[in-house]
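Got chain A; can you put chain B on it based on the hints?
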Amino acid sequence: MAELVLSARGMSRRFGGLYANRDVSLDMHKGMLHAVLGPNGAGKSTLINLLSGDLPPSAGQILYRGEDISGWSPDKRSRAGIGRSYQRTNIFPAFTVFENCRLAAQSRAPRALRIFSKAISFADLRDAADRAIAQAGLAERRDVVAATLSHGEQRQLEIAMVLATSPSVLLLDEPLAGMGPEESQSMVALLKKLTPDHAILLVEHDMDAVFAVADVITVMVAGQVLESGPPDQIRDSVAVQEAYLGDGESDDE
Amino acid sequence: MPLARKKSRNYLPLVLLMLALFPIFGSSYYNELIGKIMIMAIFAMSLDLLVGFTGLVSFGHAAFFGVAAYSVVLLSPKYDPGNLLLVLPGAVLTGAAVAFVVGLFVLRTKGIYFIMVTLAFAQMIYFVFHDTPLGGGSDGAFLNVKPELRIGEKVLLDLNEPMQFYYIVLVLLVVAYVFLRVLLRSPLGHALAGIRSNEHRMLSLGFPVFLYKLAGFVTAGGLAGLAGFLSACQYGFVTPEILSWHQSGNVLLMVILGGMGTLNGAAIGAFAFVVLQEVFSALTKHWQLLMGVVIVTVVMVLPGGLSSLPQRLKGLLIGGGNRNG
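As you go down the protein sequences, you meet chains A and B in turn. Counting from 1, position 67 in the first sequence corresponds to residue 67 in our numbering; the numbering is continuous, with no gaps. Counting from 1, position 193 in the second sequence corresponds to residue 193 in our numbering; the numbering is continuous, with no gaps.
The list that follows gives simulated cross-link-like pairs (lysine-lysine, DSBU-like), each with its CA atoms no further than 35 Å apart: (1) 118/A with 110/B; (2) 78/B with 154/B; (3) 36/B with 118/A.
Covered stretches of chain A, as calculated for chain B (at least 3 residues, CB under 8 Å): (4) 93-99; (5) 110-120.
Worth flagging that the hints you see were computed from the coordinates, not collected in a lab. Each residue gets a CB set at the ideal place from its N, CA and C atoms; glycine is no exception.
In isolation and in its complexed conformation, chain A is listed as follows (with noise of 0.2 Å):
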């Protein structure tokens, strides 16, 4: 079996009376890529949240490494190596590609004290954030002030700034949303090749994604896990298809 490296255990998030998430339980394992669907409002994007520390569970348990996270803030989370993207593009539109992710890479050599030195004189800052940026399709858009990009290379952008971080956990929030077919498949490239020195979870509505790249898929449905397995047996799962077609109406939106 792979290195379990992050799992939530009975993860729960209340908002008022309603469940976001509800005795949520899922790992993930070095060298996998574990998907995540479901329908509109089932909480997908609140699990992305919880394990990323942008919002505290209410119970249940976060295990990094085996310990035990939950009380940990968003930018310690992230220092241990637990990166993320969002679904709503989340850049600082008025720096370059470039410096987007330089400071992304920035965080892990902070050289806070170091005011007399010039930011962009780091080697190893520039070269982090440069093999990011190759890696995430966007070498052509170095020099290109970020509010300027199209929408799908702000996407890209996204997932250049978390890798600019070398993270050993990649949370990624629908990273194909609003991309082209290529730029898709460009990322779904970029997905395959980390995934050996990743444990990703990828958040996605994109079905034919998602089965060409996922080791294990879970869905979710009103906040619960309806099933979690490899993705055959999700293909062929009574459940889901009932949950997915079956009373397509009722989907709490």
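Coordinates of chain B only, in the frame set by chain A:
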């Protein structure tokens, strides 16, 4: 650099030269006025680090200016000159230390709450000096003899001499300006710019945002302390008014008037504000009414502040030329 540098003339050496030569032609009144402008420029630049570069709109910046000014009086002997090497760092550290303590509380808030809480802390400090005998109460206190730098019997620098004082202010203005420019291009400066742009993302990238903001806040407090030190030495007395919210408001207006986030703008804003204050108060005792009109006009016509005026004019001229050609 992959980005083509915009061709723009650098007027800084010229400004510096003019400031350096000014006392040769100026009367003592104008020397004092320019001195005051330079002190306010340091004060406004220190606030610009927060407002313009970190995105923290502080409405209590006079607190750090004021406590540092008071520290000059409290650290100096009553009838002898204080030691410059003690009093100057003492004032800067006082400003920074008070900013550290205040920052621990106020930096937990955001937006409108941050504005209100910085104001509240500044008012608390104002009343400490206004209502206790610590600094002479509401009357303030005199700095009978200004500090000097003495080695053995030889007095190297004497702030009681107006000429020496003028050039010390000029040198410290340059030091503060260069320090901020260097700071802004450092990793810390880039991180502060990131916080201004997208604080949430900075956190998720792993930056301890609170500590970074605290570092910026303390630095700004220390530089405000430098301005406070010079102000106390210029006038030779301190009153609680230098800690009041009017003072915090004025310096915020200087930054807005000149243009936020440019550093040069803060200095230009300080210049414009002090000169206008001088001109308007000679005309009428309701000078604040006129000042208000000017500030509203600038904010509406020039959202980038006075420092964006040359670019705007150039844009208009080029635009007009294209239309004609």
